[in-house]
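Engineer: Listed here are the chains, written in short residue letters.
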Amino acid sequence: GAGVSQSPSNKVTEKGKDVELRCDPISGHTALYWYRQSLGQGLEFLIYFQGNSAPDKSGLPSDRFSAERTGGSVSTLTIQRTQQEDSAVYLCASSPFLPHGYTFGSGTRLTVV
Amino acid sequence: LAKTTQPISMDSYEGQEVNITCSHNNIATNDYITWYQQFPSQGPRFIIQGYKTKVTNEVASLFIPADRKSSTLSLPRVSLSDTAVYYCLVGPNQAGTALIFGKGTTLSVSS
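Residue numbers (the numbering used here), protein chains in the order written: chain A, 0 to 112; chain B, 71 to 181.
Extracted from the complex, chain B is given alone in its bound form (with noise of 0.2 Å):
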């Protein structure tokens, strides 16, 4: 499975736009991209998932450049109940693989 690279946290204050970078330079033709999200004491949660270009959901979008690299997931004008820790995670869709979660970039919104 192709190694992820985020950083390890970030600050931002409330009603700004937050971009968490994360580099998979080995990342295979099959793998897609997929970022959790995890509060403290809860399992993380499931916010976006790309392969190429862009995706956008109601809760983030995901930018993907044509090398695919590297994604960034871009949160819209965070509150304070953003503060969470990020995942990034590089992987077939398929079955027969457990995806490997690294430390995350722990993201701290103030106000």
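Pulled out of the complex, with its shape left as it was, chain A reads as follows (with noise of 0.2 Å):
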């Protein structure tokens, strides 16, 4: 597609349950980036993926989140267990071989009630 495509737009849940969030990046772009800002906050980095390389996972908060990149293509996180702090906004990011030059997506809002 021509941009950096994130589903749901906003989701709102209950403590406890789990959830996966959905990140189309731009076509060929073989990085995709996964950060988290809290409101007024700076981006927090989460997970980085390289083409086939093993994913750097190094800014993830706990066990509890984990992603994948199927076909490096289309990624999901997935926040299992959610806690009222991983309420935020998750953004998504690709870009070519180089990392410069990011292209983000506007975001998926998690909620947790």
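To be clear, the hints were calculated from the coordinates, so they are not data collected in a lab. We put the beta carbon where it would ideally sit given N, CA and C, even for glycine.
Within a straight-line C-alpha distance of at most 27 Å, the following computed DSSO-like cross-link-like pairs (lysine-lysine) qualify:
{"id": "1", "chain 1": "A", "residue 1": "K56", "chain 2": "B", "residue 2": "K173"}
{"id": "2", "chain 1": "B", "residue 1": "K173", "chain 2": "A", "residue 2": "K10"}
{"id": "3", "chain 1": "B", "residue 1": "K73", "chain 2": "A", "residue 2": "K56"}
{"id": "4", "chain 1": "A", "residue 1": "K16", "chain 2": "A", "residue 2": "K56"}
Covered stretches of chain B (in silico footprint by chain A; criterion: 3 or more residues with CB under 8 Å from a CB of chain A, positions within the stretch not fixed):
{"id": "5", "stretch": "109 to 119"}
{"id": "6", "stretch": "171 to 180"}
Make the complex out of the two chains shown on their own, each in a separate frame, by following the hints.
Structural biologist: So this is what it looks like as structure tokens:
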């Protein structure tokens, strides 16, 4: 597609439930990134996929968070047993082989009640 | 990755030139400097990137002194629509590196 697409745009879930967030990167972009942005804060790096290489998971805050990227394209970020502190906007970005010049999606606003 | 320091906030009026300076004392030889802009409820948007001296595009200019320990994003004749958060990032222009965003500079433009 023309841009990075994320779905859903908004998600309200109950504490303890699992959620899946989806990211469709720009076609042909080999790198895909997930970030989290809490209200009024900067972007927190979560995980990075580059081609067929093992992902860089160094930013995942706990083992409740996981992500996968199928076929080098679509990525899903899964949060298990959600907590209220997981409430944030989850942003996905993709880029060509070199990391500069990311294109971000509009994000998924997750609210855990 | 080199740490960056930039002002938390800046205020300006329409039509003025705005300069946002970012300090990156520990910049490495292979690091590039990149600036992003973020509007409310949107993801950040790439503005400009440079390695040294001056870079200019249709949106902004980026000034980088010879020692590269700082950089200045210059926005000419800002308008209300330039109100946003501006992020300065420093990192190598190579695969295998995820860029780290700080808290950015919140620019507020008034009429």
